[in-house]
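There are 2 protein chains.
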Amino acid sequence: MSLNNIRIVLIGTTHPGNIGSAARAMLTMGLTDLYLVNPAKFPNAQATTMASGADSILANATVVSHLQEAIADCHVVIGTSARSQRTIQWPQMDARECGEFIAEQDYHNKTAIIFGRESSGLSNEELELCQRLVSIPVNPDFSSLNLASAVQVIGYECSVAINHQQGDASHDNVKRQLVTTQEMELFYQHFESTLIELRYLDPEKPRLIMRKIRSIFGRIEPESTELNLLRGILSAAQGRKFLPRNQRNDKKTIN
Amino acid sequence: MSLNNIRIVLIGTTHPGNIGSAARAMLTMGLTDLYLVNPAKFPNAQATTMASGADSILANATVVSHLQEAIADCHVVIGTSARSQRTIQWPQMDARECGEFIAEQDYHNKTAIIFGRESSGLSNEELELCQRLVSIPVNPDFSSLNLASAVQVIGYECSVAINHQQGDASHDNVKRQLVTTQEMELFYQHFESTLIELRYLDPEKPRLIMRKIRSIFGRIEPESTELNLLRGILSAAQGRKFLPRNQRNDKKTIN
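Here the protein sequences come in this chain order: L and E.
Last residue of the first sequence: 484 in our numbering, with the numbers rising by one and none dropped.
Last residue of the second sequence: 484 in our numbering, with the numbers rising by one and none dropped.
For the record, the hints were derived by calculation from the structure and aren't laboratory data.
All of these numbers come straight from a predicted model, not from anything done at the bench.
Every residue, glycine too, gets a C-beta built ideally from N, C-alpha and C.
Accuracy of the hints is not assured; some may be wrong.
[What the hints assert, rightly or not] Taking lysine to any residue and the SDA-like style, the derived pairs with C-alpha atoms no more than 20 Å apart in a straight line are: (1) E:LYS441 / L:SER464; (2) E:LYS441 / L:ARG448; (3) E:LYS441 / L:ALA288; (4) L:LYS441 / E:LEU456; (5) E:LYS441 / L:GLU355; (6) L:LYS441 / E:LEU463; (7) E:LYS441 / L:SER422; (8) E:LYS441 / L:ASN233.
[Stated by the list, open to error] Derived CB-CB ranges, DEER-like: (9) L:ASP370 / E:ASN267: 26 to 34 Å; (10) E:HIS393 / L:TYR336: 45 to 53 Å; (11) L:PRO320 / E:HIS419: 56 to 64 Å; (12) L:ARG448 / E:LEU415: 19 to 27 Å; (13) L:ASN267 / E:ASN267: 22 to 30 Å; (14) E:ASP284 / L:HIS419: 51 to 59 Å; (15) E:HIS337 / L:SER422: 36 to 44 Å; (16) E:GLN394 / L:THR410: 49 to 57 Å; (17) E:LEU415 / L:ASN233: 49 to 57 Å; (18) L:GLU298 / E:ASP335: 50 to 58 Å; (19) E:ASP284 / L:THR291: 35 to 43 Å; (20) L:HIS295 / E:HIS393: 55 to 63 Å; (21) E:PRO432 / L:HIS419: 19 to 27 Å.
Here chain L stands alone, though its shape is the one from the complex (with noise of 0.2 Å):
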C-alpha cells in the first residue's frame, strides 16, 4: 500500500479552518487526497491559514454533494467513529489497527477514511456505506477529539504502518558506531587503577564497586569519541602527581 492510495474524506465540516488544520495534518502525514463531502464553507480564507503551507491539498480537493461521490472510485471504506457502534456489527478496528490493516492491502486498493461532522459523526446510512469502523482510544471522561487531531492520529497510525512495512526506507535516524568490548574492557581496566590511585577502591577488595561501575557504564554505550573522552579524565585525575604546577597548588591549599 502507498499512502497516495489512502483518500481522507471530511463530511458536512462546519468550520472551515478545521478543513484546513486536517489539510495540514495530512500532509505532514504524506496524505495528499482529500475529499469533502457537503462542507459548510469552502473555499475559505480560515481553511487556507489553518492549512499553515499545506495548500495543494486545499487546491487540490474535491467538493462533492454525497459521500457515494467520494467513494466510489475506492476498494476499501473506513468509517471513523467515537464510541463501538453497537446497533450494527462493522468489523471494529482501533487506529493502530487501523494502519497496519490498510498497509497490508494490496498496492492498488484505493482506501478512503471516512470523518463525520464536528457535532454528531456519521449517520447510520453513512455507517452503512464503510466495510469497517475504526476509534482512536481516549480518554473516556473528555473524549472531545478536534477534527484534525483525529486526522492526524489516523494518518501517522497509516505512516507508521506503511513505512514500516516499506523496510523504514525514510527512517533518517543516525546509527551510532558503539565502541567494541575489548575497548570497554579495556576502559573499565583504566577505571580500576584510577580508583585504586584515588584511594577510593581497595585492590584487596575490588569486586563490588567495579560491578556497580560496570552496571553503570554499560548502559552508555558510548562511540569511540565519547570513550576517548572519559579516558581522558581519568588520565587527568591519575596524571595530577606528575604536574608539578599542580602539586604547588595542593601545598597552598593544605597549608
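Since the structure of chain L is already known, use the hints to place chain E on it.
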C-alpha cells in the same frame, strides 16, 4: 508508569490558541499536568476557546520563567525535536519508542516531555537539559506539524503504551527509581568543578566538554545509590589534595 506522572512542558508558545489546543489534546489522551515556560500570552481567551472544555488543564497549568523550574522534580526529561540532532548524539526515539519507553518507567518516575517554540523548537541550551530526544516521523517535504498535533501524537503513543501495559498482568519487571533532574544538575556542577580542578577543563571555555558529559551521562539514568557512587569518585578525585599522605607519595614520584 501512570499517565498522571507525565508532564507536558511547552516553551515560549507564541499563539495562545495553541496552548488551548494542546490542553484539549492532552486531556483526550488522559494527560493533565501542563507547565508553560514563558508563554507569550497566558491566561488568554483564545486559549480557553481552543481548549474546548479542557478548562481544568489550563486552570491547573503552572507558568514558570525557566525550563529548569519546570523539570526540577522530574526523573526523566525528553525533548521533542523535528529532526535528528547530528552535533551531539543524544539517544533518539520515534514517537512509538517514546511511548513504550515511558510506559516501562517505574511508577514513581515523573517524566517531562518538552515542546519548543512554534517557529524554532528547542534551543541548544534546552536540549542539553534533556536526556533523550523524540521525533515524530513526518513527510520530509512538509514537516510543519502543528504544536497541538505534536502533543496529540506523543500523548496518543503514551496513552496506548501505558494502557497496553496495564492490560498486561504478567508484567513483573523490576523498575528503577531514578534521581531527579535537580540531583543530576548538582552532579554536573560537581563534575564540572572537579574537571576544572584537574585542569582538564578550561573554565573560560567549559561549554563543549560539559555538553558531551551531559550527553554521555544523561544516558545513565541513575538511581540514587549510583549517583552517590559517581559523586564519591568525583570527591576522591578532588580530595587528594586534602590528604597529606598522598602529597608525600606525589613528591616521591616526582623527584
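Here's how the hints hold up against the structure:
For the hint pairing E:LYS441 with L:SER464, the CA-to-CA distance comes to about 17 Å; that is within 20 Å, so the pair holds. Taking the CA atoms of E:LYS441 and L:ARG448, the gap is about 16 Å. The hint holds against a cut of 20 Å. With a CA separation close to 47 Å, the supplied pair E:LYS441 and L:ALA288 exceeds the 20 Å bound. With a C-alpha separation of about 11 Å, the suggested pairing of L:LYS441 with E:LEU456 holds against the 20 Å cut-off.
Of the pairs offered as hints, the one joining E:LYS441 and L:GLU355 is violated, with about 57 Å between alpha carbons and a cut-off of 20 Å exceeded. Taking the CA atoms of L:LYS441 and E:LEU463, the gap is about 15 Å. The hint holds against a cut of 20 Å. Taken as a hint, the E:LYS441 and L:SER422 pair is broken in the structure, with Cα atoms around 24 Å apart against an allowance of 20 Å. At most 20 Å may separate the alpha-carbon atoms for a hinted pair to count; E:LYS441 and L:ASN233 exceed this at roughly 42 Å.
A C-beta distance of roughly 31 Å is found between L:ASP370 and E:ASN267, which places it inside the suggested range of 26 to 34 Å. Taken as a hint, the range 45 to 53 Å is violated for the pair E:HIS393 and L:TYR336, whose Cβ atoms sit roughly 30 Å apart. A hinted range of 56 to 64 Å holds for the C-beta pair L:PRO320 and E:HIS419, which are about 59 Å apart. For L:ARG448 and E:LEU415, the hinted distance range of 19 to 27 Å is satisfied, since their beta carbons lie about 20 Å from each other.
At about 43 Å, the CB distance of L:ASN267 to E:ASN267 disagrees with the hint of 22 to 30 Å. Between E:ASP284 and L:HIS419 the beta carbons are some 58 Å apart, a value that agrees with the proposed interval 51 to 59 Å. For E:HIS337 and L:SER422, the Cβ-Cβ distance of about 37 Å falls inside the hinted range of 36 to 44 Å, so the restraint holds. Checked against the given bound of 49 to 57 Å, the beta carbons of E:GLN394 and L:THR410, roughly 32 Å apart, lie outside it.
Taking the beta carbon of each, E:LEU415 and L:ASN233 are about 53 Å apart, inside 49 to 57 Å as hinted. A C-beta distance of roughly 54 Å is found between L:GLU298 and E:ASP335, which places it inside the suggested range of 50 to 58 Å. At about 38 Å, the beta-carbon gap between E:ASP284 and L:THR291 stays in the expected band of 35 to 43 Å. Judged by the Cβ atoms, the range 55 to 63 Å given for L:HIS295 and E:HIS393 is violated: they are separated by roughly 39 Å.
Evaluation of the 19 to 27 Å hint for E:PRO432 and L:HIS419 yields a pass: the beta carbon distance comes to about 25 Å.
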